[in-house]
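> Spelled out, the chains give:
Number of protein chains: 2
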Amino acid sequence: MAVRLDILAECSTNHARLGRLITPHGEVETPVFMPVATAGSIKGVWPDQVRAIGASMILGNAYHLLLRPGSKRVAAMGGLHRFMRWDGPILTDSGGYQAFSMANLLSVDEGGFTFRSIIDGRSIRLGAAECMEVQNDLGADVIMPLDDCPPAGADPARLRLALDRTHRWLGECVRHHARPHDQALFGIVQGGVDSVLREESLAAVTAFDLPGYAIGGVAVGEGTEAIHQTVAAVAPRLPRDRPRYLMGVGYERDLVAAVAAGVDMFDCVLPTRNGRNARVFTRFGPLNLRNACHAEDPGPIEPGCDCPGCGGGFSRAYLRHLFLAGEMLGPIIASVHNLRHYQRLMLDIRRAISEDAWSSLEAGWPVLATA
Amino acid sequence: MAVRLDILAECSTNHARLGRLITPHGEVETPVFMPVATAGSIKGVWPDQVRAIGASMILGNAYHLLLRPGSKRVAAMGGLHRFMRWDGPILTDSGGYQAFSMANLLSVDEGGFTFRSIIDGRSIRLGAAECMEVQNDLGADVIMPLDDCPPAGADPARLRLALDRTHRWLGECVRHHARPHDQALFGIVQGGVDSVLREESLAAVTAFDLPGYAIGGVAVGEGTEAIHQTVAAVAPRLPRDRPRYLMGVGYERDLVAAVAAGVDMFDCVLPTRNGRNARVFTRFGPLNLRNACHAEDPGPIEPGCDCPGCGGGFSRAYLRHLFLAGEMLGPIIASVHNLRHYQRLMLDIRRAISEDAWSSLEAGWPVLATA
Chain B
184 MAVRLDILAE CSTNHARLGR LITPHGEVET PVFMPVATAG SIKGVWPDQV RAIGASMILG
244 NAYHLLLRPG SKRVAAMGGL HRFMRWDGPI LTDSGGYQAF SMANLLSVDE GGFTFRSIID
304 GRSIRLGAAE CMEVQNDLGA DVIMPLDDCP PAGADPARLR LALDRTHRWL GECVRHHARP
364 HDQALFGIVQ GGVDSVLREE SLAAVTAFDL PGYAIGGVAV GEGTEAIHQT VAAVAPRLPR
424 DRPRYLMGVG YERDLVAAVA AGVDMFDCVL PTRNGRNARV FTRFGPLNLR NACHAEDPGP
484 IEPGCDCPGC GGGFSRAYLR HLFLAGEMLG PIIASVHNLR HYQRLMLDIR RAISEDAWSS
544 LEAGWPVLAT A
Chain W
184 MAVRLDILAE CSTNHARLGR LITPHGEVET PVFMPVATAG SIKGVWPDQV RAIGASMILG
244 NAYHLLLRPG SKRVAAMGGL HRFMRWDGPI LTDSGGYQAF SMANLLSVDE GGFTFRSIID
304 GRSIRLGAAE CMEVQNDLGA DVIMPLDDCP PAGADPARLR LALDRTHRWL GECVRHHARP
364 HDQALFGIVQ GGVDSVLREE SLAAVTAFDL PGYAIGGVAV GEGTEAIHQT VAAVAPRLPR
424 DRPRYLMGVG YERDLVAAVA AGVDMFDCVL PTRNGRNARV FTRFGPLNLR NACHAEDPGP
484 IEPGCDCPGC GGGFSRAYLR HLFLAGEMLG PIIASVHNLR HYQRLMLDIR RAISEDAWSS
544 LEAGWPVLAT A
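Taken in sequence, the protein lines are chains B and W.
For the first sequence, the residue numbers in the numbering used here are 184 to 554.
For the second sequence, the residue numbers in the numbering used here are 184 to 554.
This list has only true hints and no planted wrong ones.
Identical copies carry no separate label here, and so any pair may be met within one copy or between two of them.
Within a straight-line C-alpha distance of at most 20 Å, the following computed DMTMM-like cross-link-like pairs (lysine to aspartate or glutamate) qualify:
hint, residue 1, residue 2
1, Lys-255, Glu-479
2, Lys-255, Glu-316
3, Lys-255, Asp-303
4, Lys-255, Asp-365
5, Lys-255, Asp-480
6, Lys-255, Glu-313
In case anyone wonders, no lab produced these hints; they're calculated from the structure.
Model the full structure from these sequences, guided by the hints.
Listed below in structure tokens is the structure:
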């Protein structure tokens, strides 16, 4: 298999585990948080800086890269690692979720999606075969199958249909995957907040012997409690010796709850998206750097933070000025700080597992105690 | 005096000189090119990166910083160096030019400008006293007097009036300057493209014993030939032992011509402004990274360039993708490349002077031979 998870330690009080994910582009300590490079770039941050703040693995999006610059073009340029100058592991999301949430979706049928390109208006077909071809061209270490991911609140018939498709498409993706030796295709358990459907999906997806399994369809609008319940019900029952990936989640408390349920891998746009909008994370909770209370605050975003922004002495007053003046450096510094915040959380999570001292985690992260 | 220029070498074939400018925040090798941090940030670039690409001194704009965040606020935060985390020398432009070119100018009279803030609509008075107070608050190593800088093509009466005001305001600035011990107030020679007015201004401005002199009102729309003629006529006649600063200029050929006329200091927004718009400089001339010809070009912006973009292996194909996708990293990498391009030109200029081999410069810079 293209990737392998070595489990190094487990908590005695929950399902959390410390591991090492071995990929064709290097090893990753798990639980891991992957910064998001949707279109082949972590917005505003140089790859060197991404590495320097402790990220070891990143996520790209096959849907966006298919639309622009095109997966064939990325392949012609040597693949995504080389194209974007990231020599560590990469995971690509398939684009099924984006086809629903962002595109001018034209139709969904048993064979896949048809949507209109938001770039140039052409009609694009995305079935299991195309989904694998695109991701084989991009060349990420971990790739995801096409799935049908209905929004929270979809009716039972729609969920039923989506689940059947997702399982059938997984089989087709397995068949069409051309690089199983150096790209790990994960399965995705769907089923929304319905425990019966989740149960069924868990059985159907784990029937495939795959190098890893993901939980999809979470954090699509269903609320914190439902997220935690779904993850707690599904994660511990995924194969113990394979990496478990919770897609697109989330806030600090969501990550901690998911790790406790046995999840190993995460991605989320929050650090960079919020950073671009002046919203920064701290151990004590979030701040909005545009607020007037920061106008003459000489302190850093977070005292004691070792990110290049806080460590570099950039004050809240200066950052507020940069945001109000529309200076790019504001979003840049805030994004780097937020990315480092998430990496520090993961460091502390891994330490808590290593020391089998899970309950010690909250002491260092007051934000976890807030609702 | 707050700054001092030591001249280390001079060309035997022209007026070019190699020097060391000693300022309260460190020494600067001249001729020097100062990247522009208009609103207290070099757009998209961390101060560490600005240093790393070889910049030793930067420029801020008093007009923009007065409007936002306010010079009193910058002073409260410890001054501009500390506020923006740049511990090297800074020069601030006075804002007279911006008051004309950008603001809702309400009136100009013998005492200064009145304009409406583009930020919050309040009416702001900028006379010589206010101009000095603002720049004393910001605390740059070199500060500039208020000047009346009419556009190219202004009629003789307007030029006459502007010149008289500029000279009178210089006297007022000298009187109101509260920190002559640690901030060097330069004089500004004006006069447009009129050699008689330039002559008169040269005499009037150098009548003040100042730590440095600038040539203003150049590159305001008058064309390359006129720029070079004006600089060639004025620069060599400025006091030999004081730094000479050509404001807001320009392209590579303009810098080289000005150095040959004896200019020591430059600033220009071109590297960052053009970089943000996908226009990059090379020794062979400029490129537009949005052009389709770069779509699958695996090469760097410029082979052999040691900037973090070219040296980091980012291809033209990737950079084009970043610009088309609206990814911040495109403007960031292009800006850093352009800033390094200018610093490399200054390095070669300084070497040509040091080796008294001025004519060797063009061999390494084919762009200088183009019209």
